[in-house]
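Novice: Chains A and B are the protein sequences, given in the same order.
The letter at position 173 of the first sequence is residue 169 when you use this note's numbering, and the numbering goes up by one with no holes.
In this note's numbering, each residue carries its 1-based index in the second sequence increased by 2.
One should not assume that every hint holds.
Unchecked claim - Among chain A residues calculated to face chain B with C-beta under 8 Å, some are: (1) Asp10; (2) Val37; (3) Ile76; (4) Pro119; (5) Ala178.
What the hints assert, rightly or not - Chain A is nowhere near these chain B residues, computed Cβ spacing over 10 Å in every case: (6) Leu64; (7) Trp152; (8) Thr189; (9) Trp201; (10) Gln502.
To be verified - Between beta-carbon pairs, the in silico distance windows are: (11) A:His47 / B:Ser320: 21 to 29 Å; (12) B:Ser57 / A:Gln80: 41 to 49 Å; (13) B:Val237 / A:Glu44: 42 to 50 Å; (14) B:Leu64 / A:Val11: 51 to 59 Å; (15) A:Val37 / B:Gly70: 40 to 48 Å; (16) A:Ile41 / B:Glu540: 53 to 61 Å; (17) A:His47 / B:Ile73: 56 to 64 Å.
These are calculated hints, taken from the structure and not from any lab test.
Ideal placement from N, C-alpha and C gives every residue a C-beta, glycine not left out.
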Amino acid sequence: MSAQDHVIHAHRDDVGARMGMWLFLFTELLLFGGLFFIYSVYRFINQEQFHLAAKELNPIIGTFNTIILLTSSLTMALAIAAIQKKNKGLSIFFQLITILLAFGFLINKFFEWRVKLHHDLFPGSEVLLNKPKGEILFYGLYYVMTGLHGLHVIIGIVLIAFMTRLTIKNIINQDSYVKLEAAGLYWHLVDIIWIFLFPLFYLIT
Amino acid sequence: MSTLVSNISNNGHTNYLDYKGKHDGLKGWIFSTDHKRIGILYLIALLSFFAVGVSFGFLIRLELLTIGKTIVEPQTYNAFFTLHGVIMIFLFVIPGLPAVFGNFFLPIMIGAKDVAFPRINLLSWWLYIVGGIMVIISILLPGGPADTGWTFYIPYSVRTGTNVIFTGLAAFILGFSSILTGINFVTTIHRLRAPGMGWFKMPLFSWALYATAWIQVLATPIIGITLLLIVVERVLGVGLFDPALGGDPILYQHLFWIYSHPAVYIMIVPAMGVVSEIIPVFARRTIFGYKFIAFSSIAIALLGSLVWAHHMFSSGMSSTAQFVFSLLTFLVAIPSAIKVFNWTATLYKGSIQLDPPMLYALAFIFLFSIGGLTGVVQGALSVDIHLTDTSFIVAHFHYVMFGGTGFGIFAALHYWLPKMFGRMYNKKLAKVGFWFLFVGFNTLYFPLFVMGWLGMPRRYYDYLPEYSIYHQISTVGSWILILGLIFIYYNLIRSLISGQKINDKNIWGGETLEWQIESPPIHDNFHEIPKVTSGPYEYKMNDEELEKEVK
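Just need the whole structure built from these sequences, with the hints factored in.
Specialist: Written out as structure tokens, the structure reads:
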């Protein structure tokens, strides 16, 4: 009952806020779930061609990006730990590092896509349309899934930047950091989706 | 505890319609985070879109009055039924009960001051409006309104030159709005119940909203990604659903129905909740089988997620899959039937008052039973092959969606509107409106069963002479129905302006919390957060008398 009394007094409910965020993350997982579902169906039908197409992708850039995202998840967690330990400056520092790493990820992605475009490997291109159907699907999925993930990275950057502002303005502080936690949860989601995308596109060859 | 609450601001004790917040006038409404005001905002938008949807429905029926061209060309006719479907489903039936009456009454029914995330609640209304405006704009832009039907089936939805992108994105945004409402309600029910309000002391409408909210959260993202893929397909041509590039159109149908079948339960379950509220109040009886009704909502939510492929029996799938989905379809009828039996059992030996809300609730049971049972018929594989894409299907889902949810929404309007605005409508006129609606409804949709059984395809612009009589009866029915709607709209709107003011808190004699507070409610809903000690439908007097009689 104490939790509910708390709700009525202060109009603040951290447990509820976390619950809402988790529900939202479920919906995000399901959103990508639809794509993972399509991927598995087409991979099952076109095993060989998916295998061949995956060889074209550069696992080094992929690995590098995986390391970047994992590190950024760590710095995000550290930012939350820092604010809990009343170290506002350190928390802001870690949040900025997270944003920086996220930009690093996007820049890498940009170069990776640019190389593909140079080889005329994009949806509807002549080179791609002359390939077997399985490879066309592989690249279709590759662009849609990493593209949607990239969009989430951009949203994450905006979100964390917003949190940094709130931290600077002391709205996020050692007593009230549930917003930062929620942003952290979102960022970990972006991370974990990449953890699945990476092997599916780059490693299974 | 409660004294502290009232000390925070006395302003919170003024009635929510006169409440002065941060903004005044119109801004005080469209930027308000008060769940009651958001409920009213939804109500206004919803009834406007409903009027637009009805107009398209009227035009469809008018076109079908005679063989060949009656008023428009085939292309325009295709746009009519697409817009009718998109507007009615995404803008009226899905948000209908949760967004209007859920927003307004869920917090009150469980003894809370607001929903868990008031600002997200406002955001979801804004998204709803943006989505609605996009649908309307898609009509006006060059290229013309989408002509794919509300199902956006591939490959046609990729090939057609009409504004499918706009309509698809609108549906995506509306889905997002629906997800936010779902998240809000789940969290609200978990976190904000008043002291003493245990799970099994919640009114059944809250239970229905809880089940609905979970479907909204778990099913809507799938349609989100599917519609996005249509847009991507149109813009980039990645080929995920295009056989020429290795894709599979049937995969699209699966993804579409994985959402859209659960979505019909998003539409119907809250209406069942409304009926579960109204029946005990107007029969003066404790609801029969409270837990069965509560859990059958959850059972519908679970089973309803596993039956999607029954929309695709003729699209091509293995006979094992057909068998499984057919079986599951039969199973999902059980929880719905449990509800119907419990409602009728509640009526047994009750002192029934035939006020307008009760009329609608009874009509719901009648029409929903017809719609539900014809649905079971289609679950049988052999029959389904015969009935696929005939007007039998159209009749079936209009009986469920309009006869069920639509009548549920009107039941809720007649039940709760006096509480929301503190003014009473004209009961006699309400009954006249009801009978016109009821008679018009059956005249409009019942012939569709018959001619569907005889082979009239759905969505067709033209038909053979032997179907003429059914089409003519049906079109006349649409006029009667619209006349009924005009009566209802007129009566309700007039009541807001010059209806008799209500001083009584509890006009219908309900036992749930919304009937213990002022009409219209104060900004904070309650002067003191209530302590709940009894269940929601305890009409003890009547039950004891009944027991004596039985003995």
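Novice: State for each hint whether it applies.
Specialist: So, going through the hints one by one against the coordinates:
At about 10 Å, the closest approach between the beta carbon of A:Asp10 and any beta carbon in chain B exceeds 8 Å, and the interface hint on this residue is violated. This hint holds: A:Val37 has a C-beta 6 Å from the nearest C-beta of chain B, less than the 8 Å allowed. A distance limit of 8 Å between C-beta atoms decides the matter here; for A:Ile76 the minimum to chain B is near 21 Å, and the interface restraint is violated. Checking A:Pro119 against chain B by beta carbon gives a least distance of about 4 Å; that is within 8 Å, so the hint holds.
Interface hint at A:Ala178: violated, since its Cβ lies 11 Å from the closest Cβ of chain B, which is beyond the 8 Å cut-off. Chain A leaves B:Leu64 outside its interface by the beta-carbon criterion, the shortest separation being 39 Å against a cut-off of 10 Å. Distance check on B:Trp152: its Cβ is at least 19 Å (rounded) from any Cβ of chain A, clearing the 10 Å threshold; non-interface status holds. Remark: the non-interface label on B:Thr189 conflicts with the geometry, its nearest Cβ contact in chain A lying 5 Å away (cut-off 10 Å).
Every CB of chain A lies more than 10 Å from the CB of B:Trp201, the least distance being 14 Å, so the non-interface label holds. For B:Gln502, the shortest C-beta to C-beta distance to chain A comes to about 35 Å, beyond the 10 Å cut-off, and the non-interface label holds. Judged by the Cβ atoms, the range 21 to 29 Å given for A:His47 and B:Ser320 holds: they are separated by roughly 27 Å. Under the hint 41 to 49 Å, the C-beta atoms of B:Ser57 and A:Gln80, about 57 Å apart, miss the expected range.
Separation of B:Val237 from A:Glu44 is about 29 Å and departs from the stated range, judged on CB atoms against 42 to 50 Å. The hinted range of 51 to 59 Å is satisfied by B:Leu64 and A:Val11, whose Cβ atoms lie roughly 55 Å apart. Against the hinted window of 40 to 48 Å, the Cβ-Cβ separation of A:Val37 and B:Gly70 comes to about 44 Å, which satisfies the hint. Between A:Ile41 and B:Glu540 the beta carbon distance is about 59 Å. The supplied range of 53 to 61 Å therefore holds.
The hinted window of 56 to 64 Å between A:His47 and B:Ile73 holds, with their beta carbons roughly 57 Å apart.
Going down the numbered hints, you'll see the structure goes against 1, 3, 5, 8, 12 and 13, while the others check out.
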